[in-house]
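Engineer: Each chain is listed here by its residues.
2 protein chains.
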Amino acid sequence: MRSKNDSKPGYYAVIFISQLRDDDPAYDKMAKDMEELARNQKGFIELESVRDHMGQGITVSYWKDKASIQSWKLDVDHLAAQKAGREKWYSEYRVRIARVEKDYQFKSE
Amino acid sequence: MRSKNDSKPGYYAVIFISQLRDDDPAYDKMAKDMEELARNQKGFIELESVRDHMGQGITVSYWKDKASIQSWKLDVDHLAAQKAGREKWYSEYRVRIARVEKDYQFKSE
Numbered sequence: 013m014r015s016k017n018d019s020k021p022g023y024y025a026v027i028f029i030s031q032l033r034d035d036d037p038a039y040d041k042m043a044k045d046m047e048e049l050a051r052n053q054k055g056f057i058e059l060e061s062v063r064d065h066m067g068q069g070i071t072v073s074y075w076k077d078k079a080s081i082q083s084w085k086l087d088v089d090h091l092a093a094q095k096a097g098r099e100k101w102y103s104e105y106r107v108r109i110a111r112v113e114k115d116y117q118f119k120s121e
Numbered sequence: 013m014r015s016k017n018d019s020k021p022g023y024y025a026v027i028f029i030s031q032l033r034d035d036d037p038a039y040d041k042m043a044k045d046m047e048e049l050a051r052n053q054k055g056f057i058e059l060e061s062v063r064d065h066m067g068q069g070i071t072v073s074y075w076k077d078k079a080s081i082q083s084w085k086l087d088v089d090h091l092a093a094q095k096a097g098r099e100k101w102y103s104e105y106r107v108r109i110a111r112v113e114k115d116y117q118f119k120s121e
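Residue numbers (the working numbering), protein chains in the order written: chain A, 13 to 121; chain B, 13 to 121.
Excised from the complex, chain A in its bound form (with noise of 0.2 Å):
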């Protein structure tokens, strides 16, 4: 679990649930790729991603706010992930974004 951050509620998450049609190495390097990209844009904060051995995944980014995802969903690169995601990888996903309005952890001593 990498979550270091401790930004105060207020910040957006971007809830995105996916089912992968095939196991596909081109997709586990796309995907790696996208984490990166999104780790370097103006905005973000941080990004939990957990996928089963059925193919399905949910990942969600957290942004500072909003004009910073819609910087995120129109970045030239991500554009083109977007439409192989579609084309080639996904059979469905969902999207969801959502301002956080509480934030608490627990961690074992």
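FYI, nobody ran anything at the bench for these hints, they're computed from the structure. Nothing here was measured: the structure is a model prediction, and the numbers come from that model. Idealized CB from N, CA, C, for every residue including glycine. It is possible that part of the hints are untrue.
Stated by the list, open to error - Here are some chain A residues pointing at chain B (derived, C-beta under 7 Å): (1) R98; (2) R106; (3) V112; (4) Q117; (5) S120.
As the list claims (entries may be wrong) - Covered stretches of chain B, as calculated for chain A (at least 3 residues, CB under 8 Å): (6) 25–36; (7) 65–77; (8) 101–113.
To be verified - Result set (DSS-like, lysine-lysine): computed pairs, CA atoms no more than 27 Å apart in a straight line: (9) A:K114 with B:K44; (10) B:K44 with A:K76; (11) B:K119 with A:K114; (12) A:K119 with B:K78; (13) A:K114 with B:K85; (14) A:K95 with A:K41; (15) B:K114 with A:K114; (16) A:K20 with B:K114.
Position chain B against the provided structure of chain A, taking the given hints into account.
Structural biologist: Coordinates of chain B only, in the frame set by chain A:
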């Protein structure tokens, strides 16, 4: 992907990311019971959950409003599961409560 819901934005998401300590069949049973219990709560919309082979999981549940989330948090059986989670199952977790402002999806033909 079980995204059959067509709720208009304005509903709430509870984003729960957790790291399990060990593989424990008792955990799987509890998780299944809690999902069932959540589905029967007032204000519940839907739930999406993914856990990988390293024991990291993201569960996002969606609720009509904040009052529904509060009731669910205070449900007696759920309180017992939360306690067991902290004592036995999770090495860490983080909860974020967020108001969904935008929601869109893709499904291949």
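Engineer: So, against the hints stated earlier in the document, which numbers end up violated here?
Structural biologist: Violated: hints 10, 11.
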